[in-house]
Amino acid sequence: MNDLVQVVLSGLVTGGIYALLAAGLTLIFQVSGVVNFAQGALAAVGAYTCWSLENQHGVALAPALAVTAAGLFLLGCLLQAVILRRLGGDLASSVIVTLGLLIVLEGGIGIVFGYSPPTTPLSLPLPDGQFNLGDWSLSLQELVLAALPIILLGALFLGLRYTRVGTAVRAVSQSARGARLVGIPVDRVRLAAWGVGAILAGAAGILIPSASTAPISPGMVEPYLLSAFTGAVLGGLDSLPGAAAGGWGLGILQNLVSYYTPTQVTSWGVGKDAVIFALLLAVLMARPTGIFGTAVQRRV
Amino acid sequence: MRRTKALAAVLTLGALSLPGVPRPSGAEARQSSDPGVTSSQILVGASLPESGPAGAYGVIGGAENAYFQYVNAHGGVNGRKLTLLVQDDGYDPSRTLVNVKNLVLSRNVFALLSVLGTANNQAVIPFITRQRVPLVYPATGSSLMAKPFQPYLFPIQVTYTVEGKVLTDYAAKVLHAKRIGVFYQNDDFGGEGLAAVTARAKQDGVTLVDSEPYQITDTDLSAQALKLKRARVDAVIIFAIPSPAGTFIGTARRIGLNAPLLSSSVAAQPALLQALGPAGEGVYFSNFAPLPDSRLPSVAFYREVLKDYGTPTTTPVGPFTEAGVGAAEVFVEGIRRAGRNLTRQGFIHALETFRDYTGSLYPKLTYTASDHSGVQGAYVMRSHHGTFVQVAPFEYPS
Numbered sequence: 001m002n003d004l005v006q007v008v009l010s011g012l013v014t015g016g017i018y019a020l021l022a023a024g025l026t027l028i029f030q031v032s033g034v035v036n037f038a039q040g041a042l043a044a045v046g047a048y049t050c051w052s053l054e055n056q057h058g059v060a061l062a063p064a065l066a067v068t069a070a071g072l073f074l075l076g077c078l079l080q081a082v083i084l085r086r087l088g089g090d091l092a093s094s095v096i097v098t099l100g101l102l103i104v105l106e107g108g109i110g111i112v113f114g115y116s117p118p119t120t121p122l123s124l125p126l127p128d129g130q131f132n133l134g135d136w137s138l139s140l141q142e143l144v145l146a147a148l149p150i151i152l153l154g155a156l157f158l159g160l161r162y163t164r165v166g167t168a169v170r171a172v173s174q175s176a177r178g179a180r181l182v183g184i185p186v187d188r189v190r191l192a193a194w195g196v197g198a199i200l201a202g203a204a205g206i207l208i209p210s211a212s213t214a215p216i217s218p219g220m221v222e223p224y225l226l227s228a229f230t231g232a233v234l235g236g237l238d239s240l241p242g243a244a245a246g247g248w249g250l251g252i253l254q255n256l257v258s259y260y261t262p263t264q265v266t267s268w269g270v271g272k273d274a275v276i277f278a279l280l281l282a283v284l285m286a287r288p289t290g291i292f293g294t295a296v297q298r299r300v
Numbered sequence: 301m302r303r304t305k306a307l308a309a310v311l312t313l314g315a316l317s318l319p320g321v322p323r324p325s326g327a328e329a330r331q332s333s334d335p336g337v338t339s340s341q342i343l344v345g346a347s348l349p350e351s352g353p354a355g356a357y358g359v360i361g362g363a364e365n366a367y368f369q370y371v372n373a374h375g376g377v378n379g380r381k382l383t384l385l386v387q388d389d390g391y392d393p394s395r396t397l398v399n400v401k402n403l404v405l406s407r408n409v410f411a412l413l414s415v416l417g418t419a420n421n422q423a424v425i426p427f428i429t430r431q432r433v434p435l436v437y438p439a440t441g442s443s444l445m446a447k448p449f450q451p452y453l454f455p456i457q458v459t460y461t462v463e464g465k466v467l468t469d470y471a472a473k474v475l476h477a478k479r480i481g482v483f484y485q486n487d488d489f490g491g492e493g494l495a496a497v498t499a500r501a502k503q504d505g506v507t508l509v510d511s512e513p514y515q516i517t518d519t520d521l522s523a524q525a526l527k528l529k530r531a532r533v534d535a536v537i538i539f540a541i542p543s544p545a546g547t548f549i550g551t552a553r554r555i556g557l558n559a560p561l562l563s564s565s566v567a568a569q570p571a572l573l574q575a576l577g578p579a580g581e582g583v584y585f586s587n588f589a590p591l592p593d594s595r596l597p598s599v600a601f602y603r604e605v606l607k608d609y610g611t612p613t614t615t616p617v618g619p620f621t622e623a624g625v626g627a628a629e630v631f632v633e634g635i636r637r638a639g640r641n642l643t644r645q646g647f648i649h650a651l652e653t654f655r656d657y658t659g660s661l662y663p664k665l666t667y668t669a670s671d672h673s674g675v676q677g678a679y680v681m682r683s684h685h686g687t688f689v690q691v692a693p694f695e696y697p698s
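If you read the sequences in order, they're chains B and W. FYI, the numbering for the first sequence is 1 to 300, going by the working numbering. FYI, the numbering for the second sequence is 301 to 698, going by the working numbering.
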């Protein structure tokens, strides 16, 4: 039983990172119509900025996080204002442009910091030790890592629901034209969405080294991004909570499949990825807009 | 008339841009009939992962270049200076092949120094054999680099089979493990390690109770760690590249898998230990080159080369840059022995005169006309406060 709880907890940790990435992706997609393939690169920029502030400039963690968040917000706004806005919502162009951004951002990190992981890690002050409840013995680090995305995304959803800015964002994601008609400054809302989306990416990027206990590197977010996309699509790209739920669900599902698939089968190459993409196919055939997405009606 | 001329121009340009078509050469005179050699320069190519999941190995290129700069600053080799062209393949074998074809056919390199990755090397062996281009240091421990005999390959790295034997022996005889587990990359690299451990376990009288594969794209390794824990292993042997190795070690400690962990040298990266923190203490690694902080003169020299011709971020002291400098030393010695009249065949024959060569930082190296096997032994070291400490002598397992 302890094994199952552990599998789910680890899945929640990984899934939390997927959820952060998926939420950022979906927010940007809903508000500006752009599928941001550079979301992972933004996450890496966030991680490296925080690392650099702490390790190269001696800044303490809290101010480093604040500066990183502010910097990412500005970067997101800049990307939207200078580059993406000019594409006029054309999906194909935005795919190419954001892929280009991915290469430029990751390459930029490589040029500035080198591709070899720095010898000092990006570590968060996580508690050591175990949390014991009856038969269960769970790592405190994992519990905190699982909780952080829940708190962050909880704050996001509360903000979207109960603040004026949040309501404006929801309005624009429902209908940009309608929002404009009621006087909402759509362009500014888009800037805010990109800014917040970048911050969400940065949060994921900062959590990854602690979750994966691996050194930071420019491409470290990419494996997570692939699954985050999958989770977002599964959950439905037009539902922010759905995308986040898809991320968490996928994290747990990947672990369950990985744990219960006999090793022999995995060594043939039929791993959890095969199972999950088969699932994705099945879900999308049944509900093309994802589990929580609203069905699209076309007027003929 | 104009259209015909234009058509002729386009066809000529097209033909010239096809690989393999002879082109007018540069202004410099050639001393030999082989490409990449002029009266003053030797052009050398490399394909390494400078980005992507194995980007940590990219520093090998920087280290090789640092050594070349040292050699050039001291008069070059037989009157020629060395230039290294490194191309990034992101650990993707299809990109490796593109890079190597480009280096050989378009950039006209004389020879190759370092192509990294088991699958990556396998992708290019047929091509470089057909083109008869020597490759020094196919950076992989795959036994396939030397067996069957590959006339154009000169591996240096100890094979995963030898590492598997050394690690299994250590687990069984020194750590007294009875139930061995293996965590391995699900490809030829990890597969060879697993096969070696499986065979050696039988020989050592211990049981391989569980083996767990992973894919490079896996983000979460807790299922593998849990299954190994459930199998009640008393040692886990790891064949993984640094990033997944680090994740596995951290995960294992988090879920309470506290058995000793023993890893192939490919994951022996100081940054990995730093990222793991206390969880990275006391992990065993096999290794075949001396420790990077050793007081041996050859290793002190390596650190000098990095200090004078490298930078701390692009060429940090560690097992990977050490491998790069060592490989470059072997390469340059081969060039030196080949003499002023430098040809690819001459270079190959020169390398095949190595008999227990100890002029590089590597242990003694022998290449003959029928056997190019690299270093065939290893020792075990242990992580301690962020560095490595040797805990067993160098051995050549049977």
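Mixed in with the good hints there might be a few duds.
Pair ranges (Cβ atoms, derived) [as the list claims (entries may be wrong)]:
{"id": "1", "chain 1": "B", "residue 1": "N132", "chain 2": "W", "residue 2": "A600", "range": "47 to 53 Å"}
{"id": "2", "chain 1": "W", "residue 1": "A495", "chain 2": "B", "residue 2": "A282", "range": "34 to 40 Å"}
{"id": "3", "chain 1": "B", "residue 1": "W136", "chain 2": "W", "residue 2": "H685", "range": "30 to 36 Å"}
{"id": "4", "chain 1": "W", "residue 1": "T429", "chain 2": "B", "residue 2": "L78", "range": "35 to 41 Å"}
{"id": "5", "chain 1": "B", "residue 1": "A155", "chain 2": "W", "residue 2": "T429", "range": "35 to 41 Å"}
{"id": "6", "chain 1": "W", "residue 1": "T507", "chain 2": "B", "residue 2": "V104", "range": "49 to 55 Å"}
{"id": "7", "chain 1": "B", "residue 1": "A70", "chain 2": "W", "residue 2": "R532", "range": "29 to 35 Å"}
Some chain W residues close to chain B (C-beta under 8 Å, calculated; not the full set) [said to hold, decoys possible]:
{"id": "8", "residue": "S351"}
{"id": "9", "residue": "Q431"}
{"id": "10", "residue": "P434"}
{"id": "11", "residue": "Q515"}
{"id": "12", "residue": "A523"}
{"id": "13", "residue": "G546"}
{"id": "14", "residue": "T547"}
{"id": "15", "residue": "A571"}
{"id": "16", "residue": "L576"}
No wet-lab data here; the hints were simulated from the structure. In this text, a Cβ means the ideal position worked out from N, Cα and C, and glycines have one as well.
Please flag the earlier hints that this structure goes against, numbers listed from lowest up. Per hint list: 4, 5, 7, 9 and 10 violated.
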